[in-house]
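A.B. asks: All chains should be modelled from the sequences, with the hints used to inform the complete structure.
There are 6 protein chains.
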Amino acid sequence: MPYVNIKITREGATPAQKAELIKGVTDLLVRVLDKNPATTFVVIDEVAMEDWGVGGLPVEAYRTSLKSSS
Amino acid sequence: MPYVNIKITREGATPAQKAELIKGVTDLLVRVLDKNPATTFVVIDEVAMEDWGVGGLPVEAYRTSLKSSS
Amino acid sequence: MPYVNIKITREGATPAQKAELIKGVTDLLVRVLDKNPATTFVVIDEVAMEDWGVGGLPVEAYRTSLKSSS
Amino acid sequence: MPYVNIKITREGATPAQKAELIKGVTDLLVRVLDKNPATTFVVIDEVAMEDWGVGGLPVEAYRTSLKSSS
Amino acid sequence: MPYVNIKITREGATPAQKAELIKGVTDLLVRVLDKNPATTFVVIDEVAMEDWGVGGLPVEAYRTSLKSSS
Amino acid sequence: MPYVNIKITREGATPAQKAELIKGVTDLLVRVLDKNPATTFVVIDEVAMEDWGVGGLPVEAYRTSLKSSS
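Residue numbers (the working numbering), protein chains in the order written: chain U, 357 to 426; chain X, 357 to 426; chain C, 357 to 426; chain L, 357 to 426; chain H, 357 to 426; chain D, 357 to 426.
These are calculated hints, taken from the structure and not from any lab test. Some hints could be false.
Same chains, same names: a pair is fine if it fits in one copy or spans any two.
In silico DMTMM-like pairs for lysine to aspartate or glutamate, Cα to Cα no more than 25 Å straight-line [stated by the list, open to error]: (1) K423 x E406; (2) K423 x D390; (3) K391 x E406; (4) K379 x D401; (5) K379 x E367; (6) K391 x E376; (7) K423 x D383; (8) K423 x E367; (9) K379 x D390; (10) K379 x E406; (11) K391 x E416; (12) K391 x D401; (13) K379 x E402; (14) K391 x E367; (15) K379 x E416; (16) K423 x E376.
Nothing here was measured: the structure is a model prediction, and the numbers come from that model.
C.D. replies: Structure (C-alpha cells):
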C-alpha cells in the first residue's frame with residue numbers, strides 16, 4: 357500500500373498530464389515491487405513559483421540568475 | 357509535541373467538520389500517549405480530485421471504474 | 357481515501373498504543389466525513405529526540421529549560 | 357525541479373529495486389513534464405509494518421483479517 | 357541535497373518575506389552542513405487558518421481562548 | 357506556529373549540528389515573520405543514501421557519475 361507524493365512547481369500541468377503521472381507511478385510500483393494498485397495512492401501538489409526555492413532564491417529568480425551567468 | 361497531517365480529497369468538508377477532526381485527533385493523542393494538547397499540531401490538506409490518484413487513475417475516474425465493474 | 361501522518365517523538369510508544377492511534381484516527385474519519393476505512397491510510401513516524409526541535413532547542417534541552425525557568 | 361516522496365512498508369525492498377524506482381519516477385517526470393533530471397529528487401521512506409495502518413488496523417492485522425473473511 | 361518544507365498559517369507573508377526564508381534556510385544549510393545551495397530545495401506551504409489546529413482547536417479559536425483565559 | 361521539516365542525506369550530522377539547524381531555522385522564523393518560538397517545530401529526517409535519488413540515480417551513484425563526467 358504505497359503512498360506517493362509528487363511536488364512540482366505550478367506551471368500549467370494539465371489534468372491529462374497528471375493522470376499520466378498517476379498511472380506511470382502506479383505501474384512502476386506494481387512492476388518493481390508487485391504492489392496492489394487498488395491500495396496505491398498518488399497525491400500531486402502544485403507549488404506556486406514564489407513558494408519554491410533553489411540555490412537560495414525563489415525559482416524564477418534562480419532561473420534568471422542561471423541565464424545571466426551563462 | 358505531536359504533528360499530525362490529514363490529507364483528504366476536496367469534497368466540501370466544512371469548517372465545523374475540520375474542527376471536529378482537529379479536536380478528535382488531539383483528544384486521541386492525549387488519551388493514548390498523554391500528549392500535551394497545547395503542543396499538538398494538526399494540519400489538514402484538502403487535495404483537488406484531479407491531484408489524487410488510486411488504482412492508477414485520478415480518483416473520479418477510479419470511482420466510475422468501480423461502479424461500471426460491479 | 358484519506359492519508360494521515362502522525363509524527364511523535366520516539367519515547368516508547370508500544371505497538372498496542374500505535375494500533376489504538378490507527379483505529380482512533382480511522383474511526384474519526386469514518387464518523388466525521390463518512391470515509392471508507394479500507395482506503396484510509398495512517399502512517400506513524402517516531403522521531404528521535406535529537407531530531408525534534410521546539411523553542412529553538414532540541415526537545416530534551418527545551419524541556420530542561422522549561423523546568424529550570426519555572 | 358520536482359520532489360517525489362515514496363512511502364512503502366518495510367518488506368525487503370533491495371537497493372536495486374530502490375534504484376529502479378528512482379530511475380522510473382525520474383524518467384516519468386522527464387517524459388510527461390519535461391523536467392530536468394538533475395533537479396529531480398526522489399526520497400524513499402520504508403515504514404515499519406506496525407507503523408502503517410489501513411482499515412483501522414496495523415497492516416499485518418489487516419491482511420490477516422482480509423484472509424479470514426474471504 | 358537537502359529538502360526543506362516550511363508550513364505556516366496563511367496570514368499575509370509577502371513574496372519578499374518568503375524569499376528571505378528561502379535565502380535564510382539555504383544559507384544555514386551551507387554554513388552548518390556545507391551543503392550545495394544549487395541542490396537545496398525549500399518549499400513553503402501556507403495553510404488556511406481553518407486547516408491548522410492546536411490545543412484541540414482551529415488556530416483562531418485557540419488564540420481567542422488564550423486571550424479570554426488570561 | 358510554523359512546522360519545518362528538514363530532510364538531509366545521512367552522512368554524519370552531529371547532535372550539535374542538528375541543534376544549530378533547529379536554532380537557526382527558529383530564529384529565522386522569529387525574525388522574518390515574528391513567529392513565536394515556543395510554537396515553532398523543527399523535525400529533521402536523515403535519509404539513507406540508498407533512499408535518496410537525484411538525476412535518476414541513487415545519490416552515491418549520481419556523485420560518481422558527476423566526477424567521471426568532469
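A.B. asks: Work down the list of hints and note, for each, if the structure agrees.
C.D. replies: The hints, checked one at a time:
1. Taking CA atoms no more than 25 Å apart as the test, K423 paired with E406 passes inside one copy only; the shortest distance there is 18 Å, against 33 Å between copies.
2. Proximity of K423 and D390 under a CA criterion of 25 Å is satisfied inter-copy only: 18 Å between copies versus 43 Å inside one chain copy.
3. For the homomeric pair K391 and E406, the shortest alpha-carbon distance between copies (18 Å) is at most 25 Å, but the shortest distance inside one copy (36 Å) is not.
4. Proximity of K379 to D401 under the C-alpha cut-off of 25 Å is found in both arrangements, the shortest distances being 16 Å within a copy and 21 Å between copies.
5. For the identical chains of this complex, K379 and E367 are neighbours both inside a copy (20 Å) and across copies (22 Å), given an alpha-carbon limit of 25 Å.
6. Within a single copy, K391 and E376 get their C-alpha atoms as close as 18 Å, and across copies as close as 14 Å, so both meet the 25 Å cut-off.
7. With identical chains, the CA atoms of K423 and D383 are at most 25 Å apart between copies only, with a shortest distance of 22 Å across copies and 37 Å within one.
8. Taking the shortest alpha-carbon separations for K423 and E367, only the intra-copy value of 19 Å comes in at or below 25 Å, while the best inter-copy value is 32 Å.
9. In this homomeric assembly, K379 and D390 come within 25 Å of each other (Cα to Cα) both inside a single copy, at 15 Å, and across copies, at 17 Å.
10. Taking the shortest alpha-carbon separations for K379 and E406, only the inter-copy value of 12 Å comes in at or below 25 Å, while the best intra-copy value is 29 Å.
11. Taking CA atoms no more than 25 Å apart as the test, K391 paired with E416 passes between copies only; the shortest distance there is 15 Å, against 38 Å inside one copy.
12. Taking identical chains as interchangeable, the C-alpha atoms of K391 and D401 lie at most 25 Å apart whether they share a chain (23 Å) or sit on different chains (15 Å).
13. Taking CA atoms no more than 25 Å apart as the test, K379 paired with E402 passes in both settings, with 18 Å inside one copy and 21 Å between copies.
14. Within a single copy, K391 and E367 get their C-alpha atoms only as close as 31 Å, which misses the 25 Å cut-off; across copies the closest is 11 Å, which meets it.
15. For the homomeric pair K379 and E416, the shortest alpha-carbon distance between copies (14 Å) is at most 25 Å, but the shortest distance inside one copy (29 Å) is not.
16. With identical chains, the CA atoms of K423 and E376 are at most 25 Å apart between copies only, with a shortest distance of 22 Å across copies and 31 Å within one.
This entry satisfies every hint, going by the numbered hints stated previously.
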